[in-house]
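Engineer: Taken in order, these protein sequences are the chains called A and B. Numbering of the first sequence is given in this note's numbering, commencing with residue -17 and proceeding in unit increments. Numbering of the second sequence is given in this note's numbering, commencing with residue -17 and proceeding in unit increments.
A hint or two may mislead.
If you anchor each label on the Cβ, the simulated ranges turn out as follows [what the hints assert, rightly or not]:
(1) A:K75 with B:E239: 47 to 57 Å
(2) B:G65 with A:E250: 44 to 54 Å
(3) B:G65 with A:P39: 17 to 27 Å
(4) A:K174 with B:E239: 43 to 53 Å
(5) A:G179 with B:A237: 23 to 33 Å
(6) B:E239 with A:S267: 16 to 26 Å
(7) A:R113 with B:G65: 52 to 62 Å
(8) B:A237 with A:D206: 50 to 60 Å
(9) B:V167 with A:T182: 54 to 64 Å
(10) A:P105 with B:E289: 28 to 38 Å
No lab work stands behind these hints, which were simulated from the structure alone. Glycine is no exception: its CB is placed at the ideal position from the N, C-alpha and C atoms.
Number of protein chains: 2
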Amino acid sequence: MTETKVHDVIMVGAGPAALAAAVYTTREDIETLLFERGVVGGLAAVTDMVDNYPGFPDGIEGLTLAENLRKQAERFGAVIELGEVTNIAKEGKLLKLETTSGDMLAKTVLIATGSDYKKIGVPGEQEYYARGVHYCATCDGAFYRDKRLVVVGGGNSAVQESLFLTRYATHIDLLVRSELRASEVLQHDLQKMVDAGKITVHLQTATNEIVGEDNHVVKVVGTDNASGKKIEFPADGVFVFVGLKPNTEFLKNSAIELDEIGLVKTNEDLETNITGVFAAGDVRSGSTMQIATATGEGATAALRIREYLEGHKQTS
Amino acid sequence: MTETKVHDVIMVGAGPAALAAAVYTTREDIETLLFERGVVGGLAAVTDMVDNYPGFPDGIEGLTLAENLRKQAERFGAVIELGEVTNIAKEGKLLKLETTSGDMLAKTVLIATGSDYKKIGVPGEQEYYARGVHYCATCDGAFYRDKRLVVVGGGNSAVQESLFLTRYATHIDLLVRSELRASEVLQHDLQKMVDAGKITVHLQTATNEIVGEDNHVVKVVGTDNASGKKIEFPADGVFVFVGLKPNTEFLKNSAIELDEIGLVKTNEDLETNITGVFAAGDVRSGSTMQIATATGEGATAALRIREYLEGHKQTS
């Protein structure tokens, strides 16, 4: 079934980029529908404390920021629907979206589905998902008070979240496949925790298997790259921070151009190769995976969407 | 005199773009000095209520937002110096800045000087500046309670600020050189005020002179484009909203490339044609004159500055 109604703009996703865009579009009386298949507020909503979102001198809890963004968008009339968009295609001058609520028509579309946590793909990872294997320290760290943890990864997130998890865990083994790639200040802070005996860093160490007993994780099996030796790390839980995966599977049958890692390509007006389809935030190739950047791009995308709908460039 | 100290980054300006960038750079232990010749917080600081900066569901006063941004940057160690940068040039691999505090050296520079209000350039405009002629309704509107005003301009700002000024003024004559170029929703709201007799819109009307008596404005003289007839508009004050002027005069002797209206050109990494010199916010060609966009670009610029200083691209 296809709705006969033509929406001004349908936004795919309801994270910071889409919510910021929706504040702008709805304030300008552009009718705006957002589709969210997961959590309103996106990754911001599952972040403990956001220290660097400009405007909050002492930081703000991710969940509070997400709620603020939602309220602000809804205040001006944004409608958020829980459901999933499964394809986007041109339909004459309009865009047809296949969704879990049926087909829908829109004059413009904003793709703002963000990116998800990457998995390492080892035995036990799926089996113990959310009951021993985690990707969000804020959400699940507190379950490991006075427990022993393994963290997998060597980038900024892995180090930052390891530092955070020392609030709870008695000890953390940090398994780094090659070398640490975290920023200097993070490595400096990490060293303090190493010196304090809270974290042990294992460089050049592969993660091979997450092993459980009686329905809970008991250890992680790794390999020392140099010697090829197996090493066992006793652990009550595992946190994996090995990067992000763009949420663009739903575009695989569309004509929308993606880059080599699956992010949506746009021009500097944030428009994709399909006219009327825009992208903003963590899902956009060239974005920087920051909430500030996502909301900034959301604002810009909204202005471009208005121009597209009005059929001309704004002047002021 | 040239300081021998080499700064990690000198930011020219301390508006939302620079302050957001400074939050990011200082959190990463990048030593950061900001130069501000006017008001910390830039145009945000002289904006009444900011309704569309993402994260504040009921809006936030511009001055409060500016203060928040300043506090957040200073919390992590940003240093703000009052003074002016008068030129930027390459000095080997470094950058030399001529400033009112002497010459300074930096590894990187962020240009974030924003844009200023444009003047109309008619007799009386300069003479009655700030005592009858104004460019900021928030700052000076309250002086015109129960007074009669003229507003000059036809874009979004002119209409938006006219609507705001009806809080104070008994009547507003809006002089529009050609046609209204404001958004539909603004024109809709304007019509309500026209119907209520609060605002009279004069299309195709040139503004020729601001006339005063005894040290205060008494009228504005305009011309009806069609008939060529002079028209007099009695007024206690005049507000001018005819656009923005990029603050890039200080770059006129530099090699930094500007666009046709004087905005700084950058690539998608926000780097100018001079390596190590970046630009963000209202002064950047392609930016959208929104606080959200400025802070987003500030964050992005900071990440690019870090990469430049580290000599490689970040991965996570």
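Engineer: Hints first: check each against the structure and report whether it holds.
Structural biologist: Hint by hint, here is what the structure shows:
A beta carbon spacing of about 38 Å between K75 (chain A) and E239 (chain B) contradicts the range 47 to 57 Å that was offered as a hint. About 33 Å separates the C-beta atoms of G65 (chain B) and E250 (chain A), a value inconsistent with the hinted range of 44 to 54 Å. Judged by the Cβ atoms, the range 17 to 27 Å given for G65 (chain B) and P39 (chain A) holds: they are separated by roughly 24 Å. For the pair K174 (chain A) and E239 (chain B), the beta carbons lie near 44 Å from each other, so the given range of 43 to 53 Å is met.
The beta-carbon spacing between G179 (chain A) and A237 (chain B), approximately 54 Å, falls outside the hinted interval of 23 to 33 Å. Distance hint check: the CB atoms of E239 (chain B) and S267 (chain A) are about 25 Å apart, consistent with the given range 16 to 26 Å. Between R113 (chain A) and G65 (chain B) the beta carbon distance is about 58 Å. The supplied range of 52 to 62 Å therefore holds. Checked against the given bound of 50 to 60 Å, the beta carbons of A237 (chain B) and D206 (chain A), roughly 53 Å apart, stay inside it.
Hint check: V167 (chain B) to T182 (chain A), Cβ distance near 59 Å, so the stated range 54 to 64 Å holds. Taking 28 to 38 Å as the suggested C-beta distance range, the pair P105 (chain A) and E289 (chain B) conforms, at roughly 37 Å.
When the structure is compared with the earlier hints, violations turn up for hints 1, 2 and 5 and for no others.
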